[in-house]
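**Student:** Sequence:
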Amino acid sequence: MGSQMVADVFFVAFRIPNFFRRLFGEGAFSAAFVPVFSEMEINHTPDEARRFLALVTGRLMLILLGVTIVGVVFAPALVSVIAPGFKDQPDAFNLAVDVTRIMFPYLFFISLVALSAGIMNTRGRFAIPAFTPVILNLCLIFGAWFFASRYAHATYALAFSVIAAGFLQLLFQLPFLYKEQALPRPRLTAGADDAAAEAGAKRVYQLILPALFGVSVAQINLLINTLLASFLVTGSISWLYYSDRLMEFPVGVFGIALATAILPKLSKDHASKSGAGFSLTLDWACRWVMLIAVPAMLALIILGEPIVTSIYHYGKFTDADVSSVYHSLVAFSFGLVPIILVKVLAPGFYAQKNTKTPVRIGMVAMGVNILFSLILFKPMAHVGLALSTSIAALVNAGALFYMLRKDKTFLLQAGWLRFIFQVVLASAAMVACLLWLNPELKFWLDAPVMTRFWRLLVLVISGGVCYGSVLFITGLRPKQLLLKG
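Plus 1381 on top of the position in the sequence shown (first one is 1) and you've got the numbering used here.
The set of hints was computed from the structure by calculation and includes no laboratory data. Note that this is a predicted model, so its numbers are computed, not measured. Errors might be hidden in some of the hints.
[Unchecked claim] Distance condition first, Cα-Cα at most 20 Å in a straight line; then the derived EDC-like pairs of lysine to aspartate or glutamate:
id : residue 1 : residue 2
1  : Lys1583   : Glu1420
2  : Lys1734   : Glu1561
3  : Lys1560   : Asp1574
4  : Lys1697   : Asp1827
5  : Lys1737   : Asp1788
6  : Lys1759   : Asp1479
7  : Lys1654   : Asp1788
8  : Lys1860   : Asp1664
9  : Lys1468   : Asp1479
10 : Lys1560   : Asp1428
All chains, full assembly: derive it from the sequences and hints.
**Tutor:** This is the structure:
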């Protein structure tokens, strides 16, 4: 699709159900559900925990059904809010409304998938929830490969692929929930013997309200960027989306995985009143963020053009698109470390059932994003919007860290200065290696597909070996990175 109108339309339409997925799915719902479910598992009987799951599931399904119906009916209003610039482009607006209506029911399925993932993660079963998103990617590839040419616009094929993926992802979870004896039997009302289950379910939905905003600050910021980008030249929304996907790769592969793993641990530490274990878990997670996110940020900046060219520069994706995506990728990359830190630090509040503090901090961060977006999007176009997201993430992460330290729930362990020195020295060596080995942009634009990927693979492996070798030489050992306690 390149950066043409149909690409902008698909990315706007796809962002709408994804935004609500973050609200009702793995974002706010998981932040509220996992701590309460962990407490139910520890302090109540298995039968009470099952009744709790039944009530939570039944009420979630009812809410999702209502939101889905409203979303389908009022799709024109949603598109008008998310991309008001489309109002001057009737073809783009009408296509966006159609595609939004097709994809919106994805919210229903994927939010139930997030519920099942929360159950599995609380039980320490991480593999199945981690694999499940692959189904979406496979469905999108299948739809684009076999059905895109059968429609007037490829967006229709991709939209139907998204719906199919949501249904298949939910279906995939059911056997594993059954094996865990945690397959919910949805109920809306509690019985006479369900006092503990009713109290737990009410607690989840009380926590969800502030968490809806707290965990979705990054998504709201992206929506604001989409709104403003709809007033820029055609392609701006697509350039932001393509670069955001590359920046989100380390966030999704590493940041969300780390946050998913520590939330059940933090919740259990808090439920069992293990303050030392709670602080140690956060410290361990922050060290991993610095160890992975710092070199990832630098690599995205240095290898941005080779990565963009190797992955996107085909078909309708032009040389100018490469440049536009790369510049917004650099701006997004500056926010990679704080974005992942937010993923790690926010669970420190959610595990304590404190969703209000991240909300207050998130409101400040959103205000910062709006301010800088309005200041930068005219002189810097889409790059300014990406940079505003990074600035807002820095404010968000800094405030979360400050509040955890202020409350003394997070105490830094010994050895941080030495650790930072090791990471900085290893990163500098990796940067020097990549700058030395990376050829000019013309090579990447002209090279055949396989040549690009082989050369990029050599660069990635060389940079990784250089980074790991300097860490080892300076005394960092794998056993130091294991979570103790």
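**Student:** All hints are to be evaluated individually against the structure, with a verdict given for each.
**Tutor:** Checked hints:
| no. | hint | result |
| --- | --- | --- |
| 1 | Lys1583 / Glu1420 | 14 Å, holds |
| 2 | Lys1734 / Glu1561 | 25 Å, violated |
| 3 | Lys1560 / Asp1574 | 26 Å, violated |
| 4 | Lys1697 / Asp1827 | 15 Å, holds |
| 5 | Lys1737 / Asp1788 | 14 Å, holds |
| 6 | Lys1759 / Asp1479 | 30 Å, violated |
| 7 | Lys1654 / Asp1788 | 15 Å, holds |
| 8 | Lys1860 / Asp1664 | 15 Å, holds |
| 9 | Lys1468 / Asp1479 | 14 Å, holds |
| 10 | Lys1560 / Asp1428 | 16 Å, holds |
Hints 2, 3 and 6 from the earlier list are contradicted by this structure; the remaining hints agree with it.
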